[in-house]
Amino acid sequence: MKSSEAVTVSSVQKKTKISKETRKQYIAAYIFLLPWLIGFLGLVLGPMVSSLYLSFTRFDLLNPPEWIGFANYTEMFQDTRWIASAKVTMTFVFIAVPTQLIAALLVAVLLNKKMAAVGFYRTTYYLPSLLGGSVAIAILWKNLFEIDGLVNQVLVFFNIEGQGWISHPDYALGTIIILATWQFGASMVIFLAGLKQIPKELYEAAAVDGGTKRQVFFRVTLPLLSPVIFFNLVIELIKSIQVFTSAFIISEGTGGPINSTLFYTLYLYQKGFTHFEMGYASAMAWVLVFVLGVMTLVIFFSSKYWVHYEDGGKL
Amino acid sequence: MRKVYLLFILMLFTTVVVACSSDSATDDTTEDTNSEGTTESAEETEDEEASGEEDVTLRVAWWGGQERHDRSLQVIEMYEEQNPHVTIEAEYSGFDGYFDKLNTQLAAGNAPDVIQFGGNLNDFVLRDVILPLDDYVGNELDTSLHSESMLDSATFDGNLYGVTLGTTAWGVLVNKTTLEEAGVSMPSKEWTWDDFKEITPEVTENIDGTYGTGDFSEDGFGVFLAQRDKYTYLDGEIGFGVEDVQDWFQLWKDLRDSGGAAVAEVQVSATQTPEQSLIVQGDVAMESIASNQLSAYSSATEDEFELYPYPYNSETGKNGVSLRPSQYFAAYKDTPHPEESAKFMDFFVNNVEATEILGNDRGAPVNSDVRKNLIEQASELDEKVYSYIDLVSETSDAPYIPNLPGYNENTQLFTETEQIIYYDQKSVEQASEDYFEELLSNIEKYTSEEE
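Heads up: the sequence lines are chains X and F, in that order. Just so we're aligned: the first sequence equals residues 824 to 1138 in the working numbering. Just so we're aligned: the second sequence equals residues 29 to 479 in the working numbering.
Hints are not guaranteed to be accurate.
[Said to hold, decoys possible] Pairs of lysine-lysine residues, derived as DSSO-like cross-links and limited to a Cα-Cα distance of at most 27 Å, are as follows:
hint, chain 1, residue 1, chain 2, residue 2
1, X, Lys-1036, X, Lys-1019
2, F, Lys-371, F, Lys-346
3, X, Lys-910, F, Lys-217
4, F, Lys-371, F, Lys-400
5, X, Lys-1062, F, Lys-217
6, F, Lys-129, X, Lys-965
7, X, Lys-1023, X, Lys-1036
Note that these hints are calculated values from the structure, not bench results.
Can you build the whole structure from these sequences, using the hints too?
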C-alpha cells in the first residue's frame, strides 16, 4: 500500500502538466481512500507509535508514564511466566500451523476430484472457518472437552476412561491445537483455487509417462502448488502467533491450568489490563512484532529454495 | 446444483456480514451516545455548577447477575422520578471484563461517576482515582446508622472512600440433600476441621461422581489464618509465614488423598458463576461461598442447601469468620458532580423503599434501620442469610482483613500454586516457599506505587 502511494505521489510531482481530468481522478481517488487513511493513521499507526514509546516506560494506566529505558525488555528474560508464554505460543505455532496446512491440503486434494455433492462437502469443511475465532466456538469447545463433556461420553463407549482434557496441564494446549486445526477451511479454499490452476496437460503428460499417483502428487502437484503453500504458510503463521480468543475463553482468562495455555497475547493482555503494567505489555507487543517479522523474513528468504513459480518467480 | 450452491454460500456470507455489521453498528451507536452524553453533561456542569438544581447526568457502573441488574435499574428509575433534574446512565455488566473496562475508562479519564468496587477498593484508592467522601458525610450522605466496622473497611488514611452496599461473611455451603443421600448426618454448627476430614471422604465414598468438598481456596486461607490469630496483610505488614501457607496446602492435599476433596481435574474446572459451580452441578457436596450468594446458589438447584460457619480450629477454638463488606459504591475522583453522586449513594443505601427493592442481593444492609425493616419482611431464604449474619456477628472472633494489595495478580498466583500442587509438579514445601517469595515481591511492587 505504502509503495503504491509513493509511486502516485511522485508521479504527480513529475508530470506537472497533467490534464485537469487526471487531477480530478487523483483527488477522487484520495477522497475514496480517505476513510481508510484516517483509520490507518488514527487506529493503527498512532497507537503503534505511542505503544513504542510506552514500551520504554513504566505505565500503570493512571499515573503518567515514567521513562525507564530498556528495563521492560531486559525484565522479560527473567520473567518465568513470559518464558512460559513464549514456549506455549511457539509450541502451538510449530504444531498447529503444519497440521492445519496438511489437513487443508489433503482435504483440498480430495475435494478437487469429481464426485457427487462436492459442493456440499466444500461448504461443510469451510463452515468451521466461518465460525472462526468466535467466542461461541470456544465455549462449545470447552463443553466438548470438559470432564463430563461429549468427548469423554463418546470415549466411554470404547471403554476408554476420559480425562479432564481442558483442566489437565498436559492436555489443555492440545485441545486448543485441535480447535485450530479444525478451522482449516480458509487455507483449504485457497489450496482448492491453486489446484484448479494447475494445467491439465501436466497431469496428462505425467500419465503418459506412466507416473504413479504418488509421483504425480510430489513431482507435479506440490511444486506447482508451492506458491500457494508459501502464501498460506505466511498467513497462518501470522494468525497463529497472535491466537487469543480460544485460550482466553477456554481458560477463563487465566492461561491455566498452570500456565499451560498462557499464550503470548493472553499474557500480554493480563499484564496490561489486570496487572496494570501497560509499559511491560507494550514492550511485549514489540518483541512479538520483531519475532514475527524475523520468522516471516526467514520464510521469505527460504522461499527461493522451495517455491516454484511458473513464470520464473518475479517477486 | 452449482447455482444453488453459489446462492447458498452467498446467503451465508450475507447473513454473516449483516449480522456482524449490525452488531458493531449498534455497539458503536450506544458507545457514541454514552460518550457524547458525558461530554455534554461535563460541559454543562462547568457552567452551572453553582446553582445545583440544573440538569445532571450521572453515570453509575456495577457488575452482577440479571437479578441485580433488574433491582438496581428499578431503584434508578425511582431516583429519577424523585429527582427530575437527574438523568442516570447505568453501565452494568457481568463480572468478567468489568474491571478491564473500568481500568481503560480510568486511563482515558472518562470513568463513570459512581462505581461499584469489591474488596479491591484499596487498590484503586492507592492509585488515587477515588473521591474522598468526608466533605459530603452529614450533608448529602448520611452514614450515622451505618455499622462502624463497615465504615472502617472503606476508610484509608483517615478518609472515607466508599459506601458499603452490604455485609457478607464467608461460610460453607452444605448440600443437605446429598448428605442425606450419602447417609451422613448433618454436622453440628460448631464442627471442627477433624469433623470435616471425617465427613467429606464418607460422602465421596457413598455417592458416585460426587466428592465431599471443593477446595476453599484463597478465601478459605484468610479464614484459616484468622483461626490462628494471624492475617494476610494489614497496615503495610504481612501477618503470616511460609509455614502457614504450607499447612494450608498440606491440609487440602491430605483431604484429596483421603478422597474427601475433589480431584484436581474437577477442581480446576470450577467457576465463580453460581449456576455452573461445582456444588450446583453436583460434583461436590460442600463449597465455600459468601453469604449474600446463598439465594443465587439455592435458586439454581432443587437440592436443599444449608449455610455453615467454617470448621473450627480445635486448638485455638476459633472460627475465624468475620463480617466483611461485599461491595462498595465509590465516586470517581474527577467526577463533575460529586454532590449528586453522594446523594445517589445515600439514596441507594438509606432510602427505605429503595433498599426494599435491592434486598439482600449485595449482602445484608449496613444501615441498622434498613436492616431491621428488611428482616421483618424477609423471605425464608433471606431469613437464612440474616440469621447466618447474626450468628457470625455474635460469634465472630476475628477482625475484618481487607484484600491483599495487587488483588488480581495475587489471586492468580494463589490459584496457580494450588494447581502446581494438584498436579504434583512441586512438593507442598517447595510450592509454598515459591508462593511466599513471589507474594512478597508482588506486595512490594504494588505498595511502592503508592509513593
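Hints, one by one, checked against the model:
no., hint, in the structure
1, X/Lys-1036 <-> X/Lys-1019, "holds (17 Å)"
2, F/Lys-371 <-> F/Lys-346, "violated (41 Å)"
3, X/Lys-910 <-> F/Lys-217, "violated (49 Å)"
4, F/Lys-371 <-> F/Lys-400, "holds (22 Å)"
5, X/Lys-1062 <-> F/Lys-217, "violated (56 Å)"
6, F/Lys-129 <-> X/Lys-965, "holds (25 Å)"
7, X/Lys-1023 <-> X/Lys-1036, "holds (15 Å)"
Hints 2, 3 and 5 from the list above are not met by this structure, while the remaining hints are.
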